[in-house]
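One-letter residues, chain by chain:
There are 2 protein chains.
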Amino acid sequence: MIMMTDLPDLAAIQEAHERIRPFVHRTPVMTSATLDDLCEAEIFFKCENLQRVGAFKYRGATNAVQLLDDATAARGVATHSSGNHAQALALAAQTRGIPAYVVMPRTAPAVKKAAVAGYGAEIVPCEPTLRAREDTLAQVVTETGAHFVHPYDDARVIAGQGTAVVELLEDAGPLDAVITPVGGGGLLSGTAIAAAALAPGTRVLAAEPAGADDAARSLAGGKLLPSVNPDTICDGLLTSLSPRTFAAIRAHVAAILTVSDDAVRHAMQLVMERMKLVVEPSAVVGLAALVTRRQEIAGRRIGVIFSGGNVDLRQMPW
Amino acid sequence: MIMMTDLPDLAAIQEAHERIRPFVHRTPVMTSATLDDLCEAEIFFKCENLQRVGAFKYRGATNAVQLLDDATAARGVATHSSGNHAQALALAAQTRGIPAYVVMPRTAPAVKKAAVAGYGAEIVPCEPTLRAREDTLAQVVTETGAHFVHPYDDARVIAGQGTAVVELLEDAGPLDAVITPVGGGGLLSGTAIAAAALAPGTRVLAAEPAGADDAARSLAGGKLLPSVNPDTICDGLLTSLSPRTFAAIRAHVAAILTVSDDAVRHAMQLVMERMKLVVEPSAVVGLAALVTRRQEIAGRRIGVIFSGGNVDLRQMPW
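Which chain is which? The protein sequence lines are A and B, in order. For the first sequence, our numbering gives the first residue as 1, with consecutive numbering after it. For the second sequence, our numbering gives the first residue as 1001, with consecutive numbering after it.
Hints in this document: simulated from the structure, not taken from any laboratory. There could be a bad hint or two in this list.
Computed, partial: chain A to chain B, Cβ under 10 Å [unchecked claim]:
id, residue
1, Arg26
2, Pro28
3, Leu50
4, Val141
5, Gly145
6, Arg274
7, Met275
8, Gly308
Okay, the calculated beta carbon distance ranges per label pair [to be verified]:
id, chain 1, residue 1, chain 2, residue 2, range
9, B, Arg1075, A, Ala196, 41 to 47 Å
10, B, Asp1262, A, Gln315, 16 to 22 Å
11, A, Glu170, B, Ala1254, 18 to 24 Å
12, B, Arg1250, A, Arg293, 28 to 34 Å
13, B, Gly1299, A, Glu127, 44 to 50 Å
14, B, Trp1318, A, Pro22, 32 to 38 Å
Model, not experiment: these values are computed from the prediction. Think of the CB as a built atom: it goes at the ideal place given N, C-alpha and C, for glycine as much as any other residue.
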């Protein structure tokens, strides 16, 4: 039986890695002489913006979908999300040949609805409130028998997200630290659990926008302190930790650094201009944290996970 | 003695490849399931937008600079360019530890001047006319003794540009066709010479904007027909062929396809949205040509050279 606070261990992450291998890209680890010079450090970028659907979310969604027994899978999967998890679950379901139902607010951008529909999912519109979202999801699950896959508060999803750092450590070699974005904490939890077991000498850090700093406040305060009215251009990091992800983070994360939206814009421009990679604002909070704390990282070998690249090119944040 | 119409042969391109290897990136060859589906073909993208200075131009500039004897090199190198060749020659000179003088029109964007100056070159301003540019360059060469490295009308430069397709053929395997952008024809000449010798079964194609279609008209007319007042968003493809590059193109290029600026914008968006790569307009004319001629390439294996990624993120062309 799966408990609400279950977390995967290293074995579960390694099993997830084998399970999802046929479906996900092994994304490249890139370096940049310009950014190394700027930070006076050696930085290794795990490019999950080049992952399928443009985000690491495809790892966790694929692991969850592939783990379902055939009878459960046949009824399909469901989630509520207007972000990268929606696309990820849609494609993971399409790949397994099962239905996907995605509850999205009526106000979600047309481009996001089109992307989810493009992967064959059925979009179920709801009013743009948390209550309407949860009620609509419950109704979908009741009516269809679909299996709910949460964007981050799910041990199978966390195990899938933890596979990115396994590859990063294999490709980059020993690292002094690794840094990921933190929103709901799925990527950070998986990264922290895997890194603690595989590379105990590697410090696990996270970064988040100052306008959605629940993880930093929660870690400092020793208890969950969710964001109220988060405000940031990092649209993938608006969510708050769950008890499950907070437990993993308390156990394994050394520090959570906050960054301003201006630092995020600057880091996005650096990556697009110097590395020629398209990254979304949420993806570069880690780099932004390093650039603004250069003096603390001089001479270190640091892994950075670029979480995604889904940005509206017609509305760049500058 | 180097003749004005000399062209490199395969051996010269292979020697260039060895010569520049310590200095250039071996850029990745990427694929995209989305673009393969769209074109119903297998497309292999040689990502020279990820090359140093963000463009293939660094290959040719490095080959020319590294070939100089010490006495000549010590006096430095010079060119006229406000584009990627200027940055490429500046970095190639800086890498060898010699001066570089770059003649640029006073009207060139500040960001381009800053990039060239950032690689340690001396910028020599001139009025924005062809005559002023040539006169100023001649004066610089007379005063400094610097060695002129033309952006494309130079056998050493062409040999360097030809090294990209050598790597593409090694990494992608047999190809039915390879397609490059064509402006002055340096990349296309080098590609055509190398591919004809290494992979005679691979058709060499080129693409250019309809608003700067001198290469297509010249190939069709059997004589050089330079562009008059070219007009396109592809700022790297405004120049016309030289007798030297035209000779290589007549000998080895199967067809030159023209594309509209709208098709270029669409292809840029496809690459940035789907492949998460930053590309400049000039870089995607080849893909634009394929997308608009889908029915002709179904089932084929095609190599596309993305020539560069230097685009002003504050002024995207849409």
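Right, here's what the structure says about each hint:
no., hint, verdict
1, Arg26, "13 Å, violated"
2, Pro28, "7 Å, holds"
3, Leu50, "6 Å, holds"
4, Val141, "31 Å, violated"
5, Gly145, "31 Å, violated"
6, Arg274, "8 Å, holds"
7, Met275, "8 Å, holds"
8, Gly308, "9 Å, holds"
9, B:Arg1075 x A:Ala196: 41 to 47 Å, "58 Å, violated"
10, B:Asp1262 x A:Gln315: 16 to 22 Å, "20 Å, holds"
11, A:Glu170 x B:Ala1254: 18 to 24 Å, "43 Å, violated"
12, B:Arg1250 x A:Arg293: 28 to 34 Å, "57 Å, violated"
13, B:Gly1299 x A:Glu127: 44 to 50 Å, "48 Å, holds"
14, B:Trp1318 x A:Pro22: 32 to 38 Å, "37 Å, holds"
Comparing the model with each earlier hint shows violations of hints 1, 4, 5, 9, 11 and 12; every other hint is respected.
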